[in-house]
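Note that the protein sequences, when read in sequence, are chains A and B.
Okay, so the first sequence: first residue is 600 according to this note's numbering, each after it adds one.
Okay, so the second sequence: first residue is 600 according to this note's numbering, each after it adds one.
By construction, these hints were calculated from the structure, which means they are not laboratory data.
Do not rely on the hints blindly, as some may be mistaken.
Since copy identity is lost for identical chains, a pair holds within one copy or between any two.
Under the rule of at most 30 angstroms between Cα atoms (straight-line distance), these lysine-lysine pairs were calculated in the DSS-like manner [to be verified]:
| # | residue 1 | residue 2 |
| --- | --- | --- |
| 1 | K700 | K814 |
| 2 | K700 | K915 |
| 3 | K652 | K642 |
| 4 | K642 | K814 |
| 5 | K934 | K777 |
| 6 | K895 | K933 |
| 7 | K933 | K652 |
| 8 | K700 | K724 |
| 9 | K814 | K731 |
| 10 | K685 | K934 |
| 11 | K915 | K826 |
| 12 | K700 | K870 |
| 13 | K915 | K642 |
| 14 | K731 | K955 |
| 15 | K826 | K700 |
| 16 | K652 | K869 |
Number of protein chains: 2
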Amino acid sequence: MNTSATQKINVQKVESSRIGQVDFDNLTFGSIFSDHMFECDYKDGAWQNPTIKPYGPLTISPAAKVFHYGQAVFEGMKAYKDENGKVWLFRPEQNFLRINKSSVRMAMPEFPRDIFFEALIELVKLDKDWVKPGLGNSLYIRPFVMATQVGVGASPSTEYKFMILLSPAQAYYLGDVKVVIADHYSRSANGGVGAAKAAGNYGAQFFPTNLAREKGFQQVIWTDASKHEYLEEAGTMNVFFRVNDTLLTAPISDRILDGVTRKSVIALAKKDNITVEERPVLVSEIVEAAEKGSLKEIFGAGTAAVISPVSAFSYKEKTFELDKQEDGFASRFKKELLDIQYNRSEDPFGWRYEVK
Amino acid sequence: MNTSATQKINVQKVESSRIGQVDFDNLTFGSIFSDHMFECDYKDGAWQNPTIKPYGPLTISPAAKVFHYGQAVFEGMKAYKDENGKVWLFRPEQNFLRINKSSVRMAMPEFPRDIFFEALIELVKLDKDWVKPGLGNSLYIRPFVMATQVGVGASPSTEYKFMILLSPAQAYYLGDVKVVIADHYSRSANGGVGAAKAAGNYGAQFFPTNLAREKGFQQVIWTDASKHEYLEEAGTMNVFFRVNDTLLTAPISDRILDGVTRKSVIALAKKDNITVEERPVLVSEIVEAAEKGSLKEIFGAGTAAVISPVSAFSYKEKTFELDKQEDGFASRFKKELLDIQYNRSEDPFGWRYEVK
Ligand SMILES: Cc1ncc(COP(=O)(O)O)c(C=O)c1O
Ligand SMILES: Cc1ncc(COP(=O)(O)O)c(C=O)c1O
Chain A
600 MNTSATQKIN VQKVESSRIG QVDFDNLTFG SIFSDHMFEC DYKDGAWQNP TIKPYGPLTI
660 SPAAKVFHYG QAVFEGMKAY KDENGKVWLF RPEQNFLRIN KSSVRMAMPE FPRDIFFEAL
720 IELVKLDKDW VKPGLGNSLY IRPFVMATQV GVGASPSTEY KFMILLSPAQ AYYLGDVKVV
780 IADHYSRSAN GGVGAAKAAG NYGAQFFPTN LAREKGFQQV IWTDASKHEY LEEAGTMNVF
840 FRVNDTLLTA PISDRILDGV TRKSVIALAK KDNITVEERP VLVSEIVEAA EKGSLKEIFG
900 AGTAAVISPV SAFSYKEKTF ELDKQEDGFA SRFKKELLDI QYNRSEDPFG WRYEVK
Chain B
600 MNTSATQKIN VQKVESSRIG QVDFDNLTFG SIFSDHMFEC DYKDGAWQNP TIKPYGPLTI
660 SPAAKVFHYG QAVFEGMKAY KDENGKVWLF RPEQNFLRIN KSSVRMAMPE FPRDIFFEAL
720 IELVKLDKDW VKPGLGNSLY IRPFVMATQV GVGASPSTEY KFMILLSPAQ AYYLGDVKVV
780 IADHYSRSAN GGVGAAKAAG NYGAQFFPTN LAREKGFQQV IWTDASKHEY LEEAGTMNVF
840 FRVNDTLLTA PISDRILDGV TRKSVIALAK KDNITVEERP VLVSEIVEAA EKGSLKEIFG
900 AGTAAVISPV SAFSYKEKTF ELDKQEDGFA SRFKKELLDI QYNRSEDPFG WRYEVK
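Just chain A, same shape as in the assembly (with noise of 0.2 angstroms):
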């Protein structure tokens, strides 16, 4: 990783900040942007003029192909500040093969490693004061790359933006989540595009979401598409199951994002002595173990909400609901992410990136 001061990034700094503007105590999550923002634009093969410059808005073509199209792929990231004012990330390097990864799958060209990082380094380093101290403040940091061509013939564009921006975030307590066990709608194919982190597999959720929302339910858990068997994953979180001791959650597939907060709490569960079984989840050895007892805890993992606790669930109109586990796994692996996040532990695993 390289994190020199770069020459090749062009810098545009704002004349005057907005930040005095912004309340920070009331703050909804993804709606106020930093000063700053990245753009980079991929143009004849080749990603060209970086430039860091005031937030502010695009002009683009109406017949853009990612209007058309949905050639759109996105990451999602935090910047901490710990209690001497230095602040981190939390296992970039992650979320930069990811969208790399993503990117592909959508035929879209990959972005540059040193590019990336300076990028994102410099960014972050120049609104900084935006990373607010505090155990669950912290700056959301959203890359993402969009199709720009101007064209509405069904192909892959040959033009491109990259971007990043930057959006300060409050703890994001979801309160009780309830969820539905999908029965019906589904969220994405064997052989599709469920494991890349593309625009439109989130516009595709929103309405079975808001139908569940209707009858009192925050989230959904996706079931396989082939016969809604499997549990899969929450639209934003992945989800893990604690049947007595031991921790279920479904498998990496082409069909489920490969999640950096789920890799996280595996790694934690396993250094700790927690039995985790990453194979496919049945949805009615889960129902059976809600009936016997022996479901103790339902877990989503990802980063906007680190882990969120899921206190029901419904499954073809029955709903089970779940005890209150004072200290058990989520509140636990929530905590031990928060103490690497915020350095306020040791980081055993190397995950946590000083931004300097």
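Starting from the structure of chain A, add chain B with the ligands where the hints point.
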């Protein structure tokens, strides 16, 4: 359908047309746009400010939800000019109904019928010189809707933009189309968004289609994601198989786009007393028919190319060639459709719609 001149739409005309700069004999599909475009914004729960204005770039936030969550749907239709200079649309009602069906599945607001038709008619009338006479020439019409709310939280947008672009097109001759029958990748899932003309469905196909191209095939015929046993549709065309004198095509489902050309072919076939079976079509029965010699034709049906005869298909590394049919079903339906579209024949189904 209300075609009266409208007061509702604000019309800003170009000062001078770009039409003189366009080489109408050498058009690349979907790359040149006419003088005007239509734009209408959804805000505060209503579609507002319908406007026809000079074609040109948009100013849009990089945090607009379309870039991140792929809430975007579109339509594709055409205007045709007859020998007397009259301009015609083909079954525009179908495209109106379908864009709203797509929007509902993507948790987007429906667009009002009256503004849709008024905008369409006014816009095509204003740019009617861009519809060139001559069989095969047309003005391709691209209505689309995208999410414009600023925000990188994964939830439905509260703001949208509906637009119509016009792009002059020549006969879209694909040459000999050779197709690969999918046995690994897939286009859509049961309970997914395949039946919607959602932007992300198209970007998702580019990578597997590129793999087919590298092997000398132009298109993929998608199969069901569960077992790849059933033939579904191609990238931008529905697909028909002629076995002896019977026409087979996959039934409409939540995985397949309900094509206007497909339903028109079915209607024409029935009128002509050709047996049409809309039912799941097994890959194995088509392979077997090819081996026995009873598979006479395969063709795609879609607005862009009308009817595209398939000259060969490959399945699991084996390639099957199809004999050229000088006056087979493909050329017969193509002629019948073009004759109706270009006002060269009777219009027994009332499909033609004059723009005046
Ligand atoms: C579909 C999906 N699954 C899982 C996750 C969790 O991944 P990560 O832990 O890398 O944030 C995310 C998002 O971030 C996601 O979008
Ligand atoms: C996936 C898909 N299937 C089929 C079609 C054919 O539909 P229509 O005949 O309405 O153009 C299209 C496109 O236009 C399409 O995008």
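With identical chains, the pair K700 and K814 could be close in the same copy or across copies; at 30 angstroms between alpha carbons, which is it: within, between, both, or neither?
between (36 angstroms within a copy, 23 angstroms between copies)
Within a copy, between copies, both or neither: which one fits K915 and K642 at a CA-CA cutoff of 30 angstroms?
neither (50 angstroms within a copy, 36 angstroms between copies)
Could you figure out if K731 and K955 sit no more than 30 angstroms apart (CA to CA) within one copy, between two copies, both or neither?
within (16 angstroms within a copy, 61 angstroms between copies)
Can you give me the call for K700 and K915, within, between, both or neither, at a CA distance of at most 30 angstroms?
Between. Shortest inter-copy distance 26 angstroms satisfies the 30 angstroms Cα cut-off; intra-copy 35 angstroms does not.
Using 30 angstroms as the alpha-carbon threshold, which applies to K826 and K700: within, between, both, or neither?
So K826 and K700 pass the 30 angstroms test inside a copy (28 angstroms) and across (25 angstroms) alike.
Can you tell me if K814 and K731 fall within 30 angstroms by alpha carbon in one copy, between copies, both or neither?
neither (36 angstroms within a copy, 53 angstroms between copies)
Alpha-carbon proximity between K652 and K869, which holds within one copy, between copies, both or neither at 30 angstroms
Cα proximity of K652 and K869: none, with 43 angstroms in one copy and 61 angstroms across.
What label fits K915 with K826 when the C-alpha limit is 30 angstroms: within, between, both, or neither?
Answer is both: 14 angstroms inside a copy and 25 angstroms across each meet the 30 angstroms cutoff.
Measure nothing new, just compare the shortest in-copy and cross-copy C-alpha distances for K934 and K777 to 30 angstroms and report within, between, both or neither.
Within one copy only: 22 angstroms inside, 56 angstroms across.
Alpha-carbon proximity context of K652 and K642, limit 30 angstroms
both (20 angstroms within a copy, 29 angstroms between copies)
For the identical chains here, do K895 and K933 meet the 30 angstroms Cα criterion within one copy, between copies, both, or neither?
Within one copy only: 16 angstroms inside, 62 angstroms across.
With 30 angstroms as the alpha-carbon cut-off, assign the pair K933 and K652 to within, between, both or neither.
neither (35 angstroms within a copy, 53 angstroms between copies)
In terms of the numbered hints stated before, the structure departs from hints 7, 9, 13, 16, listed from lowest to highest.
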